[in-house]
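*Asks:* Model the full structure from these sequences, guided by the hints.
Chains as they are written, first to last, in our numbering: chain X, 174 to 1066; chain U, 174 to 1066.
Calculated directly from the structure, the hints in this document are not laboratory data. Among these hints, one or two may not hold up.
Note: identical chains are not told apart, hence a pair may lie in one copy or across any two.
To be verified - Derived lysine-lysine pairs resembling DSSO-like cross-links, with alpha carbons at most 30 Å apart:
id: 1; residue 1: 682; residue 2: 671
id: 2; residue 1: 1007; residue 2: 902
id: 3; residue 1: 902; residue 2: 978
id: 4; residue 1: 823; residue 2: 842
id: 5; residue 1: 1066; residue 2: 1008
id: 6; residue 1: 842; residue 2: 978
id: 7; residue 1: 1014; residue 2: 913
id: 8; residue 1: 368; residue 2: 300
id: 9; residue 1: 507; residue 2: 555
id: 10; residue 1: 496; residue 2: 476
id: 11; residue 1: 510; residue 2: 1066
id: 12; residue 1: 683; residue 2: 842
Protein chains: 2
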Amino acid sequence: MAKKYVYYFGDSKAEGDASMKLLLGGKGANLAEMVNLKIPVPAGFTISTEVCSHYYDHNGQYPPGLKDEVTKNILKVQKAMGAVFGDPQNPLLFSVRSGAPASMPGMMDTVLNLGLNDKTLPGLVEKSKNERFVYDSYRRLIQMYGDVVMGLKPEREDEEDPFEVIIQKKKDEVGAKTDMDLTAADLKDLAERFKKVIKQRLKKEFPEDPYEQLWGAIGAVFGSWNNHRAVTYRRLNDIPAHWGTAVNVQAMVFGNMGDDCATGVAFTRDPSTGENVFYGEYLKNAQGEDVVAGIRTPQPINKAKKLDDKLPSLEEEMPAQYKELAGIYYKLEKHYKEMQDIEFTIQNNKLWMLQTRTGKRTAQAAVKIAVDMVGAGLITKKEAVMRIKPDQLDQLLHPMIDPKAQRSVIAKGLPASPGAAVGKVVFTANEAALAAEKKEKVVLVRIETSPEDIHGMNAAQGILTARGGMTSHAAVVARGMGKPCVAGAGEISISYEKQEFKASGKTIKKGDWITLDGSRGQVMAGQMPLVEPGMSGDFGTIMGWVDEIRRLAVRTNADTPHDSQVAVNFGAEGIGLCRTEHMFFEGERIDAVREMIIAEDRASREKALAKILPMQRGDFEGIFKVMGQRPVTIRLLDPPLHEFLPHTDKEIKELAAKMKVPAETIRAKVDSLHEFNPMLGHRGCRLGIIYPEISEMQARAIFEAACRVKKKGIDVHPEVMIPLVADVKELELQRDLVVKAAEEAFTKEKIRVDYLVGTMIELPRAALTADRIATVAQFFSFGTNDLTQTTFGLSRDDAGSFLPKYVQMEILPNDPFVVLDEQGVGQLIEMAVKKGRATRKDLKVGICGEHGGEPASVEFCHRTGLNYVSCSPYRVPIARLAAAQAVIKEKQK
Amino acid sequence: MAKKYVYYFGDSKAEGDASMKLLLGGKGANLAEMVNLKIPVPAGFTISTEVCSHYYDHNGQYPPGLKDEVTKNILKVQKAMGAVFGDPQNPLLFSVRSGAPASMPGMMDTVLNLGLNDKTLPGLVEKSKNERFVYDSYRRLIQMYGDVVMGLKPEREDEEDPFEVIIQKKKDEVGAKTDMDLTAADLKDLAERFKKVIKQRLKKEFPEDPYEQLWGAIGAVFGSWNNHRAVTYRRLNDIPAHWGTAVNVQAMVFGNMGDDCATGVAFTRDPSTGENVFYGEYLKNAQGEDVVAGIRTPQPINKAKKLDDKLPSLEEEMPAQYKELAGIYYKLEKHYKEMQDIEFTIQNNKLWMLQTRTGKRTAQAAVKIAVDMVGAGLITKKEAVMRIKPDQLDQLLHPMIDPKAQRSVIAKGLPASPGAAVGKVVFTANEAALAAEKKEKVVLVRIETSPEDIHGMNAAQGILTARGGMTSHAAVVARGMGKPCVAGAGEISISYEKQEFKASGKTIKKGDWITLDGSRGQVMAGQMPLVEPGMSGDFGTIMGWVDEIRRLAVRTNADTPHDSQVAVNFGAEGIGLCRTEHMFFEGERIDAVREMIIAEDRASREKALAKILPMQRGDFEGIFKVMGQRPVTIRLLDPPLHEFLPHTDKEIKELAAKMKVPAETIRAKVDSLHEFNPMLGHRGCRLGIIYPEISEMQARAIFEAACRVKKKGIDVHPEVMIPLVADVKELELQRDLVVKAAEEAFTKEKIRVDYLVGTMIELPRAALTADRIATVAQFFSFGTNDLTQTTFGLSRDDAGSFLPKYVQMEILPNDPFVVLDEQGVGQLIEMAVKKGRATRKDLKVGICGEHGGEPASVEFCHRTGLNYVSCSPYRVPIARLAAAQAVIKEKQK
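*Replies:* Printed below as a string of structure tokens:
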């Protein structure tokens, strides 16, 4: 038997089902599933993702037999819908839509109204009794087909869409204010002008043959799998390129055939808060794209979720259809055990379902929905834990606008994605991306966003749009990204030309600061103060389940009592990395540090170090007090000494005056400490070996602090970490010195504390010789930032000129400084764990690079048998969740 | 039975033999062996190296039972020598000498004449009938003992030796010109004054008790194992610190008891040329130290090797003893099958042998002796190959003074170590070491050298001394190091104070250039031109044997036709690394390169690259012609682009004027290309990926050149090497582009050439993922310079502030940039070879880091199964020899 490439659905029968997502794409599988659930779906068929693979493997050729299969399925659809494709009297129209295994909203192409031509137009007019609708559909077909299939696009970036230019010209000619003011004749004329511009610019005719139209659209959808937007989206969302997309060919139903028609989008629960209320938006006499594109502000679907009283709800306007829809929502959610995002169209009062899929939601909503569904017995606790995307949690953990701050709201919009964003205004996605590269915080302000803006949205702190609803592109994408978003703020008037917007009589120019409150839909001028979020309610509940499940401990990287306290509040079980050098910069102590560096001999260095000692001891006391009996890993001084010296002539002169030495002395020291590759220079334990007095002072400060805090009844557990070890002998020398300082402190303070001495594994050689290093080290902590730099031979500070392009070109699947490179760096980690534990069975092993808070990397750490991960305070809950999910995933395998 | 620590020798009986070097040290083992060979040796005993280990492991304590063993052996010696230690009538005197398993000439301490005191002095006077000799011996004992055992040294660096001050004062008092002019009474007085200064400065008495003297001396010798000089020497010569030294206690015989006494040092063949002639020097009425120290210029041992007729030879003066000595020389060389370095003393016309050991020799001598001994059937070819130290070959391979150059000789001395040295004059070892750190070439000029000068000798290009013979410290050490040396140039007068020397009426100041010809013993003012050495004669013979034995191929790192030719002359079998960036700097092409870098778009870059193409093609044609059918590995551009741009304001302005662009444009480019860690920056294949047009141009130049040369009938074999690959996808992209360029060139030139595409393995990640990389790479070449940098996280340019200290502190056994780090970097190499060959069975693997010419690293490469090593042209013969020795060593195991 020949391979099956096409799967029919409709008429209460479907050849596929929801389990076949990889083959039929999410949309196709769910359409089939809905048909199986006896939900009204316009008939159609799905061309499988295997055809997409074949298409790319064979230079755009389809597998043999596909055409026949498609023809057979068209016949089935004709039968089901009672109309015929290309028939002048009773024409059937098709939509052609992409449908990948994973949701990629708006990333690929769609063509609607296929089958319209000079021959079928009169038939449809006759059938619909609505000439204006028919010519509007026709001009939409030509416009979409001309753009998507035939490729008529603006030729330069600043050129407007050629079709929109024609529409505007026509409107001016006839004095129409909006598209709605155009008559059937106007629209018919538009269609002719569109065909003309296509012929003129492309030297090709718009095809009249319905089958040619259909195959052109199918080819365009397969082709769109590899467009720039789709590739970017896949990269951001870790979707494999080889999956491919399916193509859904489905009978058209129309929400824009008249006032007994409507089209809408709904969620089975509130995607912003998670509230268990049916929620959605619709437009009467419109096509579905009109709702999502945000060109008209849509109406609420039910009374319960009306934002104001101006617009009537579907529940009020079409109560029977609303009731049927609500019934379907219950059926779907119970069936899928997940919040659903559904699309529907009402054509001449008949309800048709066009799509159902798992709905995107904010972190807050995800948490609430998961907890509610456990409460309702729909899902288990483990399933609930798996429902939360760790990265998304960030939304719940980052600061909100200080409730005590006075708000001066300059504009209101929809609360499209929660959280607060503070940034400088930019008006294009490219500017946002450029600013983010320079580490500037920006808010992207657009009339409306489109899929082309996705990189700018990702780079911005938040998004503000003037048009569009809660399901507009901006709102959906922002929620998925966890970016605060205020959408449809109709009061603001944006001028791209002047690079400014006006609101409440104020003019905000490019570069001015604004603050968004995505939870309330408010826009404020200037930078508002932010405060920390809480950890209670549903979030607390789910984190309790997380902690029951996970094996990995989660520590934090913190250098101050304040950060330590934040992390403890977020559930940190210890400090995995306390960087002592940050303390060296604080306040007056930098003077003593500089004195120490300028010193020409050991005695002078020790004199300066003696000044630093009490300050360091105080720092450690503060941290020990906050952390209590939790372990605290303190890393000895790591950066090269030149980092502590001034570099400009002016600063050097100031320092010289302060230190009462000639400027030349300082300049000479700065010169002598200059390094070509500081990353690979005189730093880490190399400092402590050449200047043992530095390590001695630090060890003394640690142990004296520990003794003093222990005397207050707190059972402290310091862990001293030696950085940048390449050979066990380095560690041995530093360990000996730490042990000596500890014993001296214990004698002096008349109390002992338990402690460990261990090392960072951050150089390939340390991993390679971990068996030897473990003879001395009581613990390993992987410094994956530096380990990634050395393993790849890649300076994080300098990689900007090529690393982004590497990710874009898919040379690397991710930025290895964000997601741990399992193939290379991970191999060294596995090796070091194995070798280290072979020498010392109870070796404690953790990670303290920034990967410790990245979910995929946390999962790797779990699989590799680490004892803990350590990350920045705000990422502690993310790491906890990822650690729990790692356990569940492992058991699933 | 108790452990045996002491081994007797003497009286034709010995408890040890030559095989026991690790236990008895070289000296002790050979003394025992000589006794076994019935050669006259003063009786004595050896305290084993195990005692040294015990001494260091137990804080300076001796193992129990040692004292008794020593006492018993003293009785044996007394019996053999017919005298009694400490006996007033018939006193026996002892020498105490170090003797490590490996020769460490002059590095450790020695004390002579032990057993002399107020009670035994008269007995020795009676016995020797030579009061002057006795008091001279006594003052020597006090002087040596006071210095070595009791530690009376100059207190400051510029202070003279306190004993020498007293001697000088005495000489002034009595009007003595030399030491020989001092009478017995003078010497007796000196002894008293010596004892007084000891008491005064050390608050301790010189010990009268012979046993106390003996044990003091034994302790001092063990203690000297860890003095600074010895530690340095061990490091330079790869001698393990745990070996320890033995101590030889031996009955004194005297060469300075009168005119029927003499002492001398001899080699069984000429250590400078290798000529098979008994060769040596002696002094009448002297102690051995006088010959080596170079204080008196010694006499030749035989007529055959007399340099002039002024001094009579031993053969003429003491023919019977000479004959006996010559007989012993035959016996020893036949027994050891090696050239021997022997020491003897004639006391009252009786010959005593004090030492025999393998003689140090120049590379030239080593080669000649090895070839001659094979010819004489003494040793096999393999043994001959093992006799040559690869590092020493350097001496034969480096340039000599151009024979056509006019020589203006300002002084003549002994041809103590061959080769030419050109450098600026310095007068202290410290200055030499400092200058070498700054990469300055210096010649160390000393009145005589001492073991304290060893680091300066190592740092200098060559050594010139005013005093001392062919066996003086300077001569022996220089030959061992392969440094040119002119010794005993009595015509020069050196003033350390004025930092200058005078010769032939010329004054040469510190910093002035001089040239040494160590082969002829000549000193020239200024810098003489040098020429290449040849590869014929005995050297050619032995290299023929080497090539029969070795498995590893040896290639060269060469970037020009000239270097390629030099390497081919030295036996290179291909080019392992041709760095194309060197070509980028040459002549006018740097302008085109800069134009390419400043270019803002691909089209402008391609325009500039088009100018470089014909020049690069020309370079490659030149190299292909020289290399013929040997493989030529060409690495694509590696350094970051900023290396090609000027950096000072002045240079930037000049370039701007030349390029007709504003200086700001260039400065902006320089700034934008600035990197914090260029070693880890935008370089290697990362350039070719972001700017594929650069790789395309280079590939095109390579293949067009290859085609053109092949058309001339030369079957070229280019191998294109992609640098700094971290992931197989990088290599894949560059490979595709190289293959495309190759095909285009073949079409254009209408001829095809065989070629390979491979990669450098110079990042840990490349080694870790070698299995994947080998799916694309046809060869690997280990770039061990960068691989060492990344594996250690160590910048070669910045390591100067700590790496030397690391080696000194024995944290690392060697500088890993000189000797390959087998534990870390080597592990990655082994892994990569294994993984690479698992993917591609016939993968060609080589090394092109500087380690490719370092003997220990070459041996590692052999063991690890590499196909070839590649090194600088001058090191090719060294690598060939090391490769052959690796085969022999492997078979020995």
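*Asks:* Now tell me if each hint is right for this structure.
*Replies:* Here is what the structure says about each hint:
In the homo-oligomer, the alpha carbons of residue 682 and residue 671 lie at most 30 Å apart inside one protomer (8 Å), although the nearest pairing across protomers, at 76 Å, exceeds that limit. Proximity of residue 1007 to residue 902 under the C-alpha cut-off of 30 Å is found in both arrangements, the shortest distances being 20 Å within a copy and 29 Å between copies. Taking identical chains as interchangeable, the C-alpha atoms of residue 902 and residue 978 lie at most 30 Å apart only when they sit on different chains, with a minimum of 13 Å there against 40 Å within one chain. Within a single copy, residue 823 and residue 842 get their C-alpha atoms as close as 16 Å, and across copies as close as 26 Å, so both meet the 30 Å cut-off.
For the identical chains of this complex, residue 1066 and residue 1008 are neighbours both inside a copy (26 Å) and across copies (28 Å), given an alpha-carbon limit of 30 Å. Taking the shortest Cα distances, residue 842 and residue 978 sit within 30 Å of each other only across copies (20 Å), while inside one copy they are farther apart (39 Å). For the homomeric pair residue 1014 and residue 913, the shortest alpha-carbon distance inside one copy (25 Å) is at most 30 Å, but the shortest distance between copies (54 Å) is not. Taking the shortest Cα distances, residue 368 and residue 300 sit within 30 Å of each other inside one copy (25 Å), while across copies they are farther apart (132 Å).
When the C-alpha separation of residue 507 and residue 555 is checked against a cutoff of 30 Å, the pair qualifies only within one copy, where the shortest distance is 18 Å, while the shortest distance between copies is 85 Å. Taking the shortest Cα distances, residue 496 and residue 476 sit within 30 Å of each other inside one copy (13 Å), while across copies they are farther apart (127 Å). With identical chains, the CA atoms of residue 510 and residue 1066 are at most 30 Å apart within one copy only, with a shortest distance of 22 Å there and 70 Å across copies. For the homomeric pair residue 683 and residue 842, the shortest alpha-carbon distance between copies (27 Å) is at most 30 Å, but the shortest distance inside one copy (44 Å) is not.
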